[in-house]
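Following the hints, position chain E against chain D.
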Amino acid sequence: MALLRPSLPPGERFGVLAEFSSPADLYHACEGVRDAGYTRWDAHTPFPIHGLDRAMGLKASRLPWVVLVMALGGALAGIGLQGWVSTTAYPLVISGKPFFSWPAFIPVTFELSVLGGALGAVFGMFAMNQLPTWYHPLFSKSSFERMSDDGFFLSIESWDPRFETDRTVELLRRLGAKEVELVAS
Amino acid sequence: MIDHAHASHSEIPVLQASSLWLPRQHSWQRMPMVGLVLAVVGLGASLAGGLASPAAHSQLWHSWLVGALFALSLGLGGLFFVLVQHSTQAGWSVVVRRIGENAMATLPFVALLFVPLLFGLGDLFHWSHADAVAADPLLQHKSPYLNVPFFLIRALVYFGVWSFLAFWFGRQSRVQDTTGDHNLTRRMRRMSAPALIAFAFTVTYFAIDWVMSLDPHWYSTIFGVYFFAGSVMAFFAFMTLIALGQEKLLPRVVNGEHLHDIAKLLFAFLVFWAYMAFSQYLLIWYANLPEETGFFAQRLVGSWRPVSVGLSLGHFIVPFFFLLPRTVKRHPKALAGVAIWLLAMHALDMYWLVMPSLHANGIALSWLDFTTLIGCSGVFLAAFGWSLRRQALVPLRDPRLPESITFENV
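Protein chains in written order, with my numbering: chain D, -16 to 168; chain E, 27 to 436.
Note that these hints are calculated values from the structure, not bench results. No residue lacks a Cβ here, since even glycine has one placed at the ideal position from N, Cα and C. Take these hints with a grain of salt, some might be off.
To be verified - With a straight-line Cα cutoff of 27 Å, these simulated BS3-like cross-link-like pairs (lysine-lysine) come out: (1) E/Lys290 x E/Lys274; (2) E/Lys168 x D/Lys42; (3) E/Lys274 x D/Lys161.
Stated by the list, open to error - Distance windows between CB atoms, simulated: (4) E/Arg213 x D/Lys80: 39 to 49 Å; (5) D/Phe83 x E/Arg356: 38 to 48 Å; (6) D/Phe83 x E/His83: 39 to 49 Å; (7) E/Leu315 x D/Arg37: 37 to 47 Å; (8) E/Pro351 x D/Arg145: 25 to 35 Å; (9) D/Asp18 x E/Pro332: 50 to 60 Å.
Here chain D stands alone, though its shape is the one from the complex:
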């Protein structure tokens, strides 16, 4: 079943999955993995943990740029469509006002910029997170189900340039993981 799988590099091993017993343990482990120089890894928690983005060394999201471009595109489409219709395609004199009466176009322009921004935010987020994903190698581990309940997980992917199975597992154990599992692709 290849439908809506994440696009991952080929290889027989996805990576390793480590479980931690508390948000604080996971937080410090993230700092350790970040400082060890890993780049292809992620944390999985049942609820947002304040400051985890900093502990993971995440850069600012590029999503705001998508939203800005889509909002400006929506605005441009709004004013462009109304302007083109009113001056070129079907010019009508309405209450003696000029054909290009921009104040009358602002409400629709505003709404379309909001619509563009909202669509950009939702679908841009989907695209950047590779959603919808119906299957992911991590789902093969039954312990990972607790990710949405009381489990705090950290996964490192095998195509990370620094990934070496033994040393990565050793690092995670040293950082306080209570369980480390290998995950097949």
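Structure of chain E alone, referenced to chain D:
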């Protein structure tokens, strides 16, 4: 909520109550004195110059009204901020709520700035002349509302309501500093909803009475909200500046997270002002009814036109794109710059509202415009500084204080 606050108490730094006051050597200790000097010099020069010749009277009172509106709007914004924090049971804002409480404490003092204007009613308000009313059917029709005695009674009600609310909410908060009584928080929350309703009505009618009726033929039902939106934006600009100072003063209490939220509110009210301004313009432009268009016709011809265009650029378009990125909202210097700019724009907005009724044919700057603005701002600063000095910088024993100190934007 209170249990939660206690539970997280162990994570926050231990703070001495005495360190949460304005330090004795801090330059803000001189704020009341500086404000007082500005007030005496600014208003003294204005009165001396404006009253010297009868020809300058009208200019004096119009300039004075602009300055008084500017000072008043900061206090009203502070009152609104405090009421909204209580009614929404906000946790993040506790460490900066005193900025609003200090701003609203200025209201009874700024009210005094409107007393001298009573001598200028004849110069300001066309409808206050009996002969003008007798010759004008529209003014006769409006005279049950627009007459001097009722106008004065209403003014008394507005300033009375605002002063009472500022006093009451300020006092509960100060009492909690010593007793730590959580019931005060509940009581303030219960009172905040009716207080917000009273606030909405008084601000709306105040704007109609003191600004809209300068042009007694014109009316716009959105006008009160327009004045409100600009006032609250100006308050958030002022609050940004004070919060930046408090971040330096109390780095473990006020931080970039709080400033980020204040900047978001500043941005929101900047947009809200533009929304109201454009809604007012659009409906009047579209309907094109003679009794409504006068206001804009006056402001869109001659030298008033560049002022109107400049206001929409400087009060909305430019700061909108400038304040949009998250980075700017967390950058102290950029934030201070845009806050000062927006305060200047709010003063221009007040000028734009009032002055065309005196200089119908075009903008005519007078030195009185500057002295009255400086003087009225001085009164505000003096009262703000006085309130800043007499109580701690944060509500010391508010049950949500720990939540506010550890607050983070997700």
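Review point. E/Lys168 and D/Lys42: Cα distance at most 27 Å?
Key: Answer violated: E/Lys168 to D/Lys42 is near 62 Å, above 27 Å.
Exercise for review: With 50 to 60 Å as the target window, see if D/Asp18 and E/Pro332 comply at their CB atoms.
Suggested key: holds (57 Å)
**Study point:** C-beta pair D/Phe83, E/Arg356: status relative to the range 38 to 48 Å that was hinted
**Key:** The hint (38 to 48 Å, Cβ to Cβ) holds, given that D/Phe83 and E/Arg356 are roughly 40 Å apart.
Review point. Is it true that the C-beta distance of D/Phe83 to E/His83 lies inside 39 to 49 Å, as the hint says?
Key: For E/His83 against D/Phe83, whose Cβ atoms are near 46 Å apart, the range 39 to 49 Å holds.
Point to revise | Outcome for the supplied range 39 to 49 Å, where the beta carbon pair is E/Arg213 and D/Lys80 | key: Check failed, 55 Å falls outside 39 to 49 Å.
Point to revise | Agreement of E/Lys274 and D/Lys161 with the hint, judged by alpha carbon distance not exceeding 27 Å | key: Violated - the C-alpha atoms of D/Lys161 and E/Lys274 are around 42 Å apart, more than 27 Å.
Review point. Between E/Lys290 and E/Lys274, is the straight-line Cα distance small enough, at 27 Å or below?
Key: holds (20 Å)
Practice item. Look at the Cβ atoms of E/Pro351 and D/Arg145 and judge whether their distance stays inside 25 to 35 Å. Key: holds (33 Å)
Check your understanding: Is 37 to 47 Å right for how far apart the beta carbons of E/Leu315 and D/Arg37 are?
Key -> Given a distance of about 57 Å, which is not inside 37 to 47 Å, the answer is violated.
Checked against the numbered hints above, the structure breaks hints 2, 3, 4 and 7 and satisfies the rest.
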